[in-house]
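**Student:** Produce the entire structure from the sequences given, and follow the hints as far as they go.
Residue numbers (our numbering), protein chains in the order written: chain W, 1 to 459; chain P, 1001 to 1338.
Hints may be right or wrong, so weigh each one.
[Stated by the list, open to error] Under the rule of at most 20 Å between Cα atoms (straight-line distance), these lysine to any residue pairs were calculated in the SDA-like manner:
no.: 1; chain 1: W; residue 1: LYS61; chain 2: W; residue 2: ARG148
no.: 2; chain 1: W; residue 1: LYS448; chain 2: W; residue 2: PHE160
no.: 3; chain 1: W; residue 1: LYS448; chain 2: P; residue 2: SER1020
no.: 4; chain 1: W; residue 1: LYS61; chain 2: W; residue 2: VAL164
no.: 5; chain 1: W; residue 1: LYS34; chain 2: P; residue 2: GLY1021
no.: 6; chain 1: W; residue 1: LYS34; chain 2: P; residue 2: PRO1328
no.: 7; chain 1: W; residue 1: LYS454; chain 2: W; residue 2: GLY272
no.: 8; chain 1: W; residue 1: LYS454; chain 2: W; residue 2: GLN442
no.: 9; chain 1: W; residue 1: LYS448; chain 2: P; residue 2: GLY1021
no.: 10; chain 1: W; residue 1: LYS448; chain 2: W; residue 2: GLY271
no.: 11; chain 1: W; residue 1: LYS34; chain 2: W; residue 2: THR338
no.: 12; chain 1: W; residue 1: LYS454; chain 2: W; residue 2: ARG409
no.: 13; chain 1: W; residue 1: LYS454; chain 2: W; residue 2: ASP414
no.: 14; chain 1: W; residue 1: LYS448; chain 2: W; residue 2: GLY272
no.: 15; chain 1: W; residue 1: LYS448; chain 2: P; residue 2: THR1014
Honestly, the hints are just simulated from the structure, not real lab data.
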Amino acid sequence: MAGPVVRGPVGRLLERWGLNGGGFAHGVHPPPHKELTAHLPTRRLPFPDEVVLPIRQHAGKPARPIVERGDRVERGDLVAESQGFVSSPIHASAAGTVADVDFWPHPDGSWEQAIRIRVDRFSTQLPRPRLVPRWETLDPSELVDAIRRAGVVGLGGAAFPTHVKLSPPPEYPIDTVLVNGSECEPYLTTDHRTMVEFPERVHLGLRVMMRALGVERGVIGVELNKPDAIEALRRSAPTDLDVSVVGLTVKYPQGAEKMLIRSLLGREVPGGSLPMHVGTLVQNVSSVATIAEVFETGLPLVERIVTVTGRGVRSPANLIVPVGTKLRDLLEHCGGLTPDAREIVFGGPMMGGSVAHLDAPLLKGTTGVVVLTEADVRVPESYPCIRCGRCLDACPLFLNPQLLANLARSGRWDEMEDAHLADCMLCGCCAYVCPSNIPLAQLFRLSKDAVRRKRTVAA
Amino acid sequence: MASDRSERSLLVTTPPHLGSGDTTPRIMWTVVASLMPVVAASVWFFGPSALLVVTASVLGAVITEAGFVGRVRLRGGSGVITGILLGLTLPAGIPLWMAFLGGAVSIGLGKLIFGGLGQNIFNPALVGRAFLQAAFPVAVTTWPETGGPWWALRGDNFALPFLSPDPAHTVTAATPLGLMKFEGEGTPLVDLALGTTGGSLGETAGLLILLGGAYLAWRGYLNWRIPVGILATVAVLAGVLHAVDPGRYPGALFTLFSGGLLLGAVYMATDMVTAPVTNLGAWVFAVGIGVLVVVIRMWGGLPEGVMYAILFMNAFVPVLNRATQPRPFGARTVEAPS
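**Tutor:** See the structure below:
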């Protein structure tokens, strides 16, 4: 579907209508700010003195702790088991002693039960000798189970358990696996570095996924602002599989599941449906690489690449970080905050949440830490809506944010549902373009919560 | 050390944490700036009177707004736009107190009464103008003669309230539209485009208005579909009528460049608050205005119909918005897998 991409003003015009190299209509062009870290090779963060593993790090049910205070754990040991199918186990990201299992600041602002491990400074941090599953000999269900037991979740931010995605019901056959390497959020270079430095892992992970699903075709979509990643992936592409690497127009939210499917396959996922309903599945490129790691080393998901960036941090970096590293330790390693640092965001600045507690740990789904300065943060002033219509021209899902916001302000949830509130993916394009600085995305987030509460009460 | 920083100094805001940098005040002040050449042209054509009238209506608008909204909203500049636009629809010789009152009514009855910025249904400047036309029909349609010394006042600008100027003391010139309607006399197109004709302050400098509009459209501060739709509709209808009966109906170019059509199409119909939010709605809105302008001009009792055409279509905007909701993604073309 994705044809050649036209550059220049004509390309931008075509792009508005989603006609440039496949692509999707609407969307926004925030300043990328990727130059801060795009060129920096990943480095390994030295093990901190303590890691904190909240039981809620993934979409679905939280995990249940199976260790107690004083237990000795090695790196990679299971410390919390999954509860049910849509859930994921959690493993110790460093060897040491369980200091506590108690409430601890969670990046979302709440306090959540967490397993705190005092790291053994004298440990080699080698995982216990374990059996490495051989993907060549495993059948699809065993592959999926190995991925589940390794605690693999989507590393693009939403942290949806990967084994659930890999188990579609038989009535929805999947024909193509899509790998999301677009990394359209400004600042972040996590996926970028993964693709440049570990292209073989991406291809191995994709191969495992295709085998698990019995799918013949794989497509990796990468935004055109990462030519080195495209080049690296193309160079290491396997010859025995139908895998292609496709350059995508640079536009936010190119990496949103529905947008990516539109761009790469020309299929539109209707409201209320999932990618499997149009015969595909999307996985973030870092998660795909993590799947490969599971079958290379046998080590479960205990570390990930995190971009620490923004003008508010002294030395930005791409770091391989144990899951559960506290924000404080991470920032200290990166030279600390500058005097004008004002806001710390977990994830990208378009969808990520602010974190004000420096003891909050990094989670499996934390793609980056962006430190914004006084000059970067949005002014708190908000003006009345002047009905300029820019939000309508920005919304990639063709909703009417202006109408939705009016309804949200007066609490008319039923009418909001009729206006397709459920389709909104909170990408924030509307709020980004709003000249009156109306917190549209936040209004919709709250409205979604209100609708859910109302449903729960009614049920 | 990261921990040196007190966590209390960190902000917690909601995503997105980036903005496009464009703000409502910036939009408003850019519109004001783009109107400055038009104001300058009116001063060039009509002398100090023009500046006095525009200033009076701006003061009327801003002072009224200041009585009801905080300083932040006032800095937003939307009251200034209303004042300037109203001033530009008035004749140079109008008493200043009327211009001031018009500005006050624009904001008071046109905007504040609906709940302030963003809530009004009708274009505030046109509400003020409609009020003046109803209250002081003679003063609002007493067009000064062009020519004469530049510095001379074009009428009794300093008349005291309700001591109406004696019409005998002012020299009245006909506007091109009046000439056409009542005398069947045309005006050279060059004069129309450059603005060397009789008329209200802002309606004469057609080319400057188009330039300002083009700049705003390029910046994304006005929806180009509206002026394009209005002007195209008017041109087509006027062209057809002219072809049918050249003696009775003026040609397309005359219709486009005469009267307040350009000012209305570029600066008033495009007022974001009172225009449709959807692009399809904007097209319907524009075509509606164009049709009404032609109908009023050609067959109505008035020489000019832009004001009523826009006000009339303003009333349809909520309906248009509702009828032209965008179709959500995925509801259009779903290519099912084979």
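**Student:** Does each hint hold? Answer for all of them.
**Tutor:** Status of the hints after comparison with the structure:
1. W:LYS61 <-> W:ARG148: Given that 20 Å is the threshold and the Cα spacing comes to 14 Å, the pair holds.
2. W:LYS448 <-> W:PHE160: holds (19 Å)
3. W:LYS448 <-> P:SER1020: violated (25 Å)
4. W:LYS61 <-> W:VAL164: Roughly 13 Å between the alpha carbons, so the hint for LYS61 of chain W and VAL164 of chain W holds.
5. W:LYS34 <-> P:GLY1021: holds (19 Å)
6. W:LYS34 <-> P:PRO1328: Violated - the C-alpha atoms of PRO1328 of chain P and LYS34 of chain W are around 32 Å apart, more than 20 Å.
7. W:LYS454 <-> W:GLY272: holds (19 Å)
8. W:LYS454 <-> W:GLN442: holds (18 Å)
9. W:LYS448 <-> P:GLY1021: Between LYS448 of chain W and GLY1021 of chain P the Cα gap is close to 27 Å, so the pair fails against 20 Å, i.e. violated.
10. W:LYS448 <-> W:GLY271: Roughly 15 Å separates the two Cα atoms, so the pair holds.
11. W:LYS34 <-> W:THR338: It holds: about 19 Å lies between the C-alpha atoms, which stays within 20 Å.
12. W:LYS454 <-> W:ARG409: holds (17 Å)
13. W:LYS454 <-> W:ASP414: Judged against 20 Å, a Cα distance of about 10 Å means the pair holds.
14. W:LYS448 <-> W:GLY272: Given pair LYS448 of chain W, GLY272 of chain W holds - Cα atoms ~14 Å apart, limit 20 Å.
15. W:LYS448 <-> P:THR1014: Measuring from Cα to Cα gives roughly 15 Å; hence the hint holds.
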